[in-house]
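*Asks:* Protein chains in written order, with the working numbering: chain A, -14 to 333; chain B, -14 to 333; chain C, -14 to 333; chain D, -14 to 333.
Possibly wrong hints are sitting among the right ones.
Copies of one chain are not kept apart here, so a pair can be met inside one copy or by any two copies together.
Derived pair list, reagent style DSBU-like, types lysine-lysine, alpha-carbon separation capped at 30 Å [as the list claims (entries may be wrong)]: (1) K187 x K213; (2) K124 x K22; (3) K36 x K148; (4) K253 x K124; (5) K103 x K36; (6) K107 x K253; (7) K107 x K77; (8) K187 x K256; (9) K77 x K36.
Since the hints were made in silico from the structure, they are not lab data.
Protein chains: 4
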Amino acid sequence: MTSVSIIGGTGYTGSELLRLLANHSKIDEIEHITSRKESGNSILKIHPHLKSMGYDNLCFEDISLDNINSDVVFCATPHGASMSIVPQLYEKGIKVIDLSGDYRFEDISTYEEWYNLKHTGKLNAAYGLPELHRETIKKANLIANPGCFPTGAILSIAPLVEKGIIEERVIFDSKTGVSGAGVEASQTTHYPNVNENLKPYKLTNHRHTPEIEKELNKLVENSKNNMKVSFTPHLAPFTRGILTTAHTYLKEEYLSIAKDEIVEIYEKFYKNEHFVRIYDNDMVSLTGVRGSNFCDIAGFEVDRNGRLIVISAIDNLVKGASGQAIQNMNIIMGFDEKEGINYCGLKP
Amino acid sequence: MTSVSIIGGTGYTGSELLRLLANHSKIDEIEHITSRKESGNSILKIHPHLKSMGYDNLCFEDISLDNINSDVVFCATPHGASMSIVPQLYEKGIKVIDLSGDYRFEDISTYEEWYNLKHTGKLNAAYGLPELHRETIKKANLIANPGCFPTGAILSIAPLVEKGIIEERVIFDSKTGVSGAGVEASQTTHYPNVNENLKPYKLTNHRHTPEIEKELNKLVENSKNNMKVSFTPHLAPFTRGILTTAHTYLKEEYLSIAKDEIVEIYEKFYKNEHFVRIYDNDMVSLTGVRGSNFCDIAGFEVDRNGRLIVISAIDNLVKGASGQAIQNMNIIMGFDEKEGINYCGLKP
Amino acid sequence: MTSVSIIGGTGYTGSELLRLLANHSKIDEIEHITSRKESGNSILKIHPHLKSMGYDNLCFEDISLDNINSDVVFCATPHGASMSIVPQLYEKGIKVIDLSGDYRFEDISTYEEWYNLKHTGKLNAAYGLPELHRETIKKANLIANPGCFPTGAILSIAPLVEKGIIEERVIFDSKTGVSGAGVEASQTTHYPNVNENLKPYKLTNHRHTPEIEKELNKLVENSKNNMKVSFTPHLAPFTRGILTTAHTYLKEEYLSIAKDEIVEIYEKFYKNEHFVRIYDNDMVSLTGVRGSNFCDIAGFEVDRNGRLIVISAIDNLVKGASGQAIQNMNIIMGFDEKEGINYCGLKP
Amino acid sequence: MTSVSIIGGTGYTGSELLRLLANHSKIDEIEHITSRKESGNSILKIHPHLKSMGYDNLCFEDISLDNINSDVVFCATPHGASMSIVPQLYEKGIKVIDLSGDYRFEDISTYEEWYNLKHTGKLNAAYGLPELHRETIKKANLIANPGCFPTGAILSIAPLVEKGIIEERVIFDSKTGVSGAGVEASQTTHYPNVNENLKPYKLTNHRHTPEIEKELNKLVENSKNNMKVSFTPHLAPFTRGILTTAHTYLKEEYLSIAKDEIVEIYEKFYKNEHFVRIYDNDMVSLTGVRGSNFCDIAGFEVDRNGRLIVISAIDNLVKGASGQAIQNMNIIMGFDEKEGINYCGLKP
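The following block holds chain A by itself, in its conformation from the complex:
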């Protein structure tokens, strides 16, 4: 049996790891779950909904990394914090799945520019989007778990980019639930400010932009980093989920493509992917993926101007974070990729 530890266990991603691992047949133990602030306290103080799920004796610890000997460690730590933790675990030979942005860029300078942080140094990490990089992930000891917005955005148009039928400029207009802002209370998450409201934030410089762009560029044949990704997230009045509306324009020579042909491109591209589901637009909902590791994709319509619209729906905390992290663990540990995360959405 396999033991895991979680670094930084008080947030929503830590909570979701525990929720999903509770029913994972290959995990018999959470060796350690760390928190400086809550050290010594039961995890039920912070995550009371996990009562009676096997964690009633599990406490947060403020522990030295030296003492961690799990097979797998999840770093549910913020950007900037992970890169001071991961190297030590990595060198011990522990398989590490990092949920922060610290190891997502092959090119450190892009990271440093967009995150405005000095990086501690590149490691040999795989970008943990299994649908695009499964073979690399299998061999990796460090997984950079993708950002929530990039997961939905990349999967939404990867088949179009690979097929080369859309122009270089793409716009992702994403709508995220409030859980994406984390567990800390702020004016941003103050109920009267969110409820009956919806609005964009980081209109032009969200750091997930280059993450999306570099992944799309990998799909372009003979890429010269042509893709020009514009990305704007909106905070919407629900708790979980990201709906991404991808606005793309067909290249002139593909203007007469039929919707069926577009759907076929998607179905072929994702034919072996359990966690990507292709839908008619009417059938997609955020509740359909709520609590689930699925990424649902729909749309595929072209208007008079040659604009091709595609939408994707994910749960930001599952496929956009902890579920995908477990999917990556399953891959690197040789488990069934679906183990512990094969749930449909909690709809309605």
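Using the hints, position chains B, C and D against chain A.
*Replies:* Just chains B, C and D now, with coordinates in the frame of chain A:
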């Protein structure tokens, strides 16, 4: 392996049965799922979120009861419809779990009075609240699955009633999510009518009242049906969950009871009950039981007037319907009672 | 023309005073609006929605009370703060409307007990519920504006109490929107904690309890402070509004009273009250009073146990605070009582 | 004094007309309000929140147009119905404000193509967007009140189009509240389908597209109908409001334009427009315009790819329908343009 069928599979309870059974290790097959209106259609037409969960080839059927040979049949049929279906299955020796109100009353006249329907005749049914009637359920071939409100209301004060420390008059002020109104659209469920609103309906004559009352009376020593239950449900602006606020008055001789003693009464009463969790009030939330089979209980405070307040939280579609139905199936089939329903709430 | 000042203008009650005063025909000027923290800043920084409403040059000030010479001052200050501000204004002969709890109790010891504060000394204040105390308000220079919960609770059963037809024990089960918690962000108001959730807080010792009780006692003929009020508020997932469900029991001699007779009691009691509307239950909604100064009352049903249920709906920030404050100002200044607050709810 | 009638008064736009007209100082009477279905019933049956607002004796009528002699008639009738009603009123010399799409197109063939209806014949209507067409409106007897989405979309980028600094392709990604779907209940508006969800509908062929496009083309110097508008609305989980995110690309020669210069273009364009407010992004909210006739505009940021993003926020039922209709009435009747509609948003 065990096969099950579902009569009436297009509603929310049918949907939830499918969602939970998809990961139930003892169920290998949905033999039949019926719908007159959707006969011949894939269940994915109505329940698209179940795609890739093992049901992609499952279709609704409009089938004669003669052709049903499952080990267990769930009747997810409305009040009044069940009693025209259940007898035939029951006589064939099939174990039946009926989610309607048709077999919940030992006394048919109470049913006929409150449901304003003529009953087709009493059968030997067990009231399927395992926390109170596990031994009876084990031996039963027909389970009357409790109503959603009664489940939360009865469990919230059963220990007090059994202990005999509260007066006969109790008031349940319940707040339910909109999924309790079913899948059909109506002015009641029209978003602009529900959102930013909350209000009582059936202020005084909800048919769950006598169901609660007769179960509480069973707990009274030498009962002469003394309990006087007043119950008022409110429609609240969320989708899942029932929060029941039980207002009771301590008998004069117990006015000096301490909160700790009350908590102890509950912990003792439910000490073997996995699906009942006792909490401090601050720790309870409807999201903590969302999608889960737990009934969380908190409160236990007494005010200057001797009013003792207790609250319970359940997911109306799970512990209040389909989850409890599977719990009952597990009991009558001799499975682990937690099999397939041992999930915590989807919080946040 | 009349000039007003607002002490403590950065919260929701300050915001609502400005919103309503902007269209009040008798008020030509906000002389001062104070805030220590935002002193010098435009009120639009905190209340951007008031742009172009006549306040574009209005700034918060941190000003000595000596310099305030308005005809009317609204104290939108918290409990405990008001009593250090009001006396000085009161002695200058300024008419003061205090929105805190500091002057709501004739009996200072009750205040000190429930608010756990030492009071600076009683003043001659009128309890500002016009429907019950209009004549006293007319002559007062200091108005203690009622609490939000007491407003809805008292109005909901005042006619029953005055008529003497209900027992002494009454239970108010109230459901409030999140704006009642104020503008400050906290775990309590963190969107993921509120959304899809609903739960009681201060189950038994909310300080609005004695405020309700003493007002109801005033309505009892030859009262010996008999009323035994139990009050429990719930935080519900909407922004504005309080729905109060009053559970009362009819005295034995009135058990056969018809619903029509009860409605008649209410219509008679409130026949001259513009801001109280009597409804059938189906017609009431929180949106129907949203942004409005109305208190809508419905219910009036009696169950088998003699329980009589009444509900009231108000906007906690309007009839429950700033709207009622302006209603009080209208009365003490001799304006038309409806001036500036005669709006229906923003429904849907 | 002026009398008005409303044709089709049971929907949300009828309701909002009544709400706003109740406090309009120039309107002393609703002469007639029509409804075939509710004929003879009090308007309070359908709009109970209007009780005590001056309409307690107003009933719906099923009346011949011959009998209508108001100064102004609002047609709150659906697309297709208006064109069978308006001509008769228009010929009698009554000033008509039509809230449907029937008279919004100078070019009937565009209407017929997008609405898939045969038109009864063009009349001399002014497109009722006062910020662009005030002088024309002043002289008109028939006003085609703009669509809700077009109002927010057109106003959001009109200054950019007139200035000629953006490319021809523009994308409007709009998010609307559920009240836009009207009062009738349907699966689309069923609470469990909307709540915790958000998704596009009419991805590519919404009929508001040509309405936006033709208005933008009017702003282009020497236009050859160059603008290529792509518009996709999303249904979002709130009741009121439309947030439109306009994605445009700067022409190459304007790539170095500063944000301040863009803001200046807007402030100049709208300098005399009371109902358009320019904001920093952080200051905009849908609650800030809820119940209000303001259109708030923000954004103005340019990203690495030359994409310029602008957002607008309106209340779909006010500036997007009934408020704008009253604004138009004020203009054609020579009233103060702000009369009866000068309210800020109901925030929070």
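*Asks:* For every hint, state whether the structure bears it out.
*Replies:* Here's how the hints hold up against the structure:
1. K187 x K213: Both: 17 Å inside a copy, 26 Å across copies.
2. K124 x K22: Neither. Shortest intra-copy (35 Å) and inter-copy (51 Å) distances fail the 30 Å Cα cut-off.
3. K36 x K148: between (48 Å within a copy, 26 Å between copies)
4. K253 x K124: Answer is within; shortest intra-copy Cα gap is 25 Å, inter-copy 52 Å.
5. K103 x K36: Classified as neither: same-chain Cα gap 40 Å, cross-chain 42 Å, threshold 30 Å.
6. K107 x K253: neither (35 Å within a copy, 50 Å between copies)
7. K107 x K77: This pair counts as within: shortest intra-copy Cα distance 16 Å, inter-copy 68 Å.
8. K187 x K256: Intra 35 Å, inter 27 Å, cutoff 30 Å: inter-copy only.
9. K77 x K36: neither (33 Å within a copy, 41 Å between copies)
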